[in-house]
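With the sequences and hints as input, model every part of the structure.
Chains as they are written, first to last, in the working numbering: chain A, 1 to 521; chain B, 522 to 844.
Worth flagging that the hints you see were computed from the coordinates, not collected in a lab. No experiment lies behind these values; they were computed from the predicted model shown. C-beta: ideal position from N, C-alpha, C; glycine also. Treat the hints with care, as some may be off.
Stretch by stretch, here's where chain B covers chain A in the computed footprint (C-beta under 8 Å, at least three residues) [claimed, not checked]:
hint: 1; segment: 332-340
hint: 2; segment: 351-357
hint: 3; segment: 365-376
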Amino acid sequence: MNTRIPCLKKDWQTSVNEVLRAEQLSKSFPGVQAVDEVSLTLYEGEVLALVGENGAGKSTLTQILGGAQRQDSGRIIFSGQPVSFNSPEDAMQAGISMVFQELSLVTSLSVAENIFANRQPVGTLNNIRWNDLYQETDQFLGRFELELDPRKLVKNLSMGQQQILEVLKAISTNPKVLILDEPTSSLTEGEISSLFQNMRRLQGEGMSFIYITHKLSEIFQIASRVVVMRDGKYIGDRVVSEVTESELVSMMVGRQIANLYGTASGEPSATEYFRVENLSRKGAFQDVSFGLQRGEILGFAGLVGAGRTEMGRAIFGIDRKDSGRIFLNGAEVKIASPEEAIEKGIVYLTEDRKAEGLFLDMPIRENVIAPSLRDLSSRLDFLNKKEIDRFATNLVTKLSINTPSILKKVLTLSGGNQQKTLVAMWMGTEPKVIVFDEPTRGVDVGARAEIYQKLREIVADGNGIIMISSDLTELVGMCDRILVMHQGRIQGVVNRTDFSEELILSYAAGLNRMEEYQSLP
Amino acid sequence: MLKGALIPRTIQAFAAFREFALIAVLIVFSTIMGIISPVFMTWANVEAILLGLSVEATIAVGMVVLLISGGLDLSVGSTLALTGVVTGLALTSLHLSTPASILIGLLAALGVGLANGLLVAKLKINPFITTLGMLITVRGLLLVLAEGRAVLNLPKEFTVVGQGRLFGVQYPIYIMLFLVIIGDFLMRNSRFFRQSYYIGGNERAARLSGINVDFVKIFNYCLVAVLAGVAGLMITARFGSSSVTVGSGIELRVITATIIGGASLSGGEGSVFGAFLGALFMGVLANALNLLGVDVYWQNLVTGLILIIAVVVDVINERRKSQ
Numbered sequence: 001m002n003t004r005i006p007c008l009k010k011d012w013q014t015s016v017n018e019v020l021r022a023e024q025l026s027k028s029f030p031g032v033q034a035v036d037e038v039s040l041t042l043y044e045g046e047v048l049a050l051v052g053e054n055g056a057g058k059s060t061l062t063q064i065l066g067g068a069q070r071q072d073s074g075r076i077i078f079s080g081q082p083v084s085f086n087s088p089e090d091a092m093q094a095g096i097s098m099v100f101q102e103l104s105l106v107t108s109l110s111v112a113e114n115i116f117a118n119r120q121p122v123g124t125l126n127n128i129r130w131n132d133l134y135q136e137t138d139q140f141l142g143r144f145e146l147e148l149d150p151r152k153l154v155k156n157l158s159m160g161q162q163q164i165l166e167v168l169k170a171i172s173t174n175p176k177v178l179i180l181d182e183p184t185s186s187l188t189e190g191e192i193s194s195l196f197q198n199m200r201r202l203q204g205e206g207m208s209f210i211y212i213t214h215k216l217s218e219i220f221q222i223a224s225r226v227v228v229m230r231d232g233k234y235i236g237d238r239v240v241s242e243v244t245e246s247e248l249v250s251m252m253v254g255r256q257i258a259n260l261y262g263t264a265s266g267e268p269s270a271t272e273y274f275r276v277e278n279l280s281r282k283g284a285f286q287d288v289s290f291g292l293q294r295g296e297i298l299g300f301a302g303l304v305g306a307g308r309t310e311m312g313r314a315i316f317g318i319d320r321k322d323s324g325r326i327f328l329n330g331a332e333v334k335i336a337s338p339e340e341a342i343e344k345g346i347v348y349l350t351e352d353r354k355a356e357g358l359f360l361d362m363p364i365r366e367n368v369i370a371p372s373l374r375d376l377s378s379r380l381d382f383l384n385k386k387e388i389d390r391f392a393t394n395l396v397t398k399l400s401i402n403t404p405s406i407l408k409k410v411l412t413l414s415g416g417n418q419q420k421t422l423v424a425m426w427m428g429t430e431p432k433v434i435v436f437d438e439p440t441r442g443v444d445v446g447a448r449a450e451i452y453q454k455l456r457e458i459v460a461d462g463n464g465i466i467m468i469s470s471d472l473t474e475l476v477g478m479c480d481r482i483l484v485m486h487q488g489r490i491q492g493v494v495n496r497t498d499f500s501e502e503l504i505l506s507y508a509a510g511l512n513r514m515e516e517y518q519s520l521p
Numbered sequence: 522m523l524k525g526a527l528i529p530r531t532i533q534a535f536a537a538f539r540e541f542a543l544i545a546v547l548i549v550f551s552t553i554m555g556i557i558s559p560v561f562m563t564w565a566n567v568e569a570i571l572l573g574l575s576v577e578a579t580i581a582v583g584m585v586v587l588l589i590s591g592g593l594d595l596s597v598g599s600t601l602a603l604t605g606v607v608t609g610l611a612l613t614s615l616h617l618s619t620p621a622s623i624l625i626g627l628l629a630a631l632g633v634g635l636a637n638g639l640l641v642a643k644l645k646i647n648p649f650i651t652t653l654g655m656l657i658t659v660r661g662l663l664l665v666l667a668e669g670r671a672v673l674n675l676p677k678e679f680t681v682v683g684q685g686r687l688f689g690v691q692y693p694i695y696i697m698l699f700l701v702i703i704g705d706f707l708m709r710n711s712r713f714f715r716q717s718y719y720i721g722g723n724e725r726a727a728r729l730s731g732i733n734v735d736f737v738k739i740f741n742y743c744l745v746a747v748l749a750g751v752a753g754l755m756i757t758a759r760f761g762s763s764s765v766t767v768g769s770g771i772e773l774r775v776i777t778a779t780i781i782g783g784a785s786l787s788g789g790e791g792s793v794f795g796a797f798l799g800a801l802f803m804g805v806l807a808n809a810l811n812l813l814g815v816d817v818y819w820q821n822l823v824t825g826l827i828l829i830i831a832v833v834v835d836v837i838n839e840r841r842k843s844q
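Structural data, given as structure tokens:
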């Protein structure tokens, strides 16, 4: 175990005033001790990172602090006073706001109405003064250097913009403490850095943050101190400048993970077996051409809106394409629907497993067989139930999905196990080309290592993976080659030997473009 | 070792709990009624109950499949009447043969289902609005077709469908039981029919899983419409005439039966057997209230309460499970 004494030096702090203190907080749910006597202190103007695997109790702990859950025992001291909140509104009144993982925006209303929900400027007849509302919103957004039309409906914003809006909505109540639960899960590098910039400014104004994240690299960019939790317990407290990423990981999982991304079992075979030529759809992606080799993991980097997801979906036939050709094993293939893509061994794993990847209310078994129903039916179209049980059990074991039964609803699984269920579902179709969109979004370190390991095995069998990810570290760790897209076009390609985050980011931002792509319109 | 594979199939069904509960309630209720009323357990009464619910149950078979896939059809009552009137006119005005007239009547029903299905699946119009519009439109079409009058004096070759007996049991009861058994079997075992559970569970995920969502939806609207047509033939044949007002309000009774039987308006849940039990429960209840001399007006009140209780029990169960 670690021998270093938890450091409480104050020189890194902008202030030593304590804002919030949790004392021996505990909370249990039937069957689980979610939070077990956890104490922590938050100082004025600091960003305190809270890390741990899924199920470590971070979310429950912050829900207690934010008034969404009531502790079984322990005290909360806020601004020197013991407090007890009955609801998130209660906590917000006192000055503790929380941004939940699940978005709470009303998508059919405008940006302005969402930010000022229930606090719209009103006239004498309690009528909403729309011009004032839009003006105030404009000013507010201006403070954060965000170009967003206050009148725009939230449903027309990208996932990233919605997530930022969620954070801004919480900030607009001007809290003393802001709790952020994975605020960057669908943000691009650019959006993240702008979020961090704004956080630093607010920090200077005295706002304190509790920051939950799965992306450890973010901790080193934004936090001053980090608290690690595991199995509901407080494990340790470190000053960020004095800790390494691998030290944090071993504290989180309670064992050593040597190399998160694993190592490739060999080089790609250099035989190109899948090729996309001049794929275009107006307003989404233009003239995208690339080849995929057997045994290769090909990364797609770029900002949100660069057209990567749209391109992946078009290859799979779920979304339309205007032009372009697709070749598999040298022969052109026509794909007009997911059904046809699956039949040819081309599959797409969505970035949004909850909304369109999984059947949350259905058992694991019905989920993993979904794309393989045809193969599991007799000639008269009747399902072969014995075969289905064998098939599902086999996949659950192969992907080491942690569940007591294949009949458990997917809803009840952790994020990591849900993602493994999604992988199992598609591995069951025995695909040849896998388009994997955001493979580890919202997945904890332990499950991430397992998913990476699985991807390594898939390519070792001679298949290729097209990996779309907003996590640059992940792309660099896993890929043999990275294609970078900018505004719907391929901007550059970087080989493993030349990987550098700076180079990739400069392509993604459109700052420069590789010569071979410059000839294209 | 993973469990699940070892648990018997019968209790793995999606709405197993609801079906067992309904059977238990039906047995207890019928036993009590049998003791109170000497008439209740006679074959004549049981046949009257079954005959009475045969129309609702026949439509419920299609309705539950549609609800499972996340759809809804309010136009079944109008479709039922349309088939009766079209078949009746074919028999009396066009003097066509019975099989040909039945076929034309069912084709008219299929047309309504196809229109509903195309509007919902292809134009993405809300099912409630689409089928509400169809309910009114088709009823209007009927009045135009039959000039507001009933079609009377249907030939004996046709009325035998609703009045004939085999082994002392009337044909509509056989038709209903046949559809329930086949429907339940298909929803449990056929790949094509099980796709509806996926579509109702998560339509977008179903699409990504390679399921032809639009086709299944259109098929389901056609299925419920044709079954409403079959129900229309049963009624028309039983009464020997086709009325333009028959079947008004039946859509709500059918939907009530399916929900008591475990279906959900948000899709993904329910079973054909459950829907049949729901219809049976409503039929037995109405019959019991009649035998006990309870005023007919009380029947709606009791049925409404049962529906609400069934849904509340569902919600409480869900909440307990998710804790």
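Now for the hints, and whether the structure bears them out:
| no. | hint | verdict |
| --- | --- | --- |
| 1 | 332-340 | holds (count 3) |
| 2 | 351-357 | holds (count 3) |
| 3 | 365-376 | holds (count 7) |
Comparing the model with each numbered hint stated earlier shows that all of them hold.
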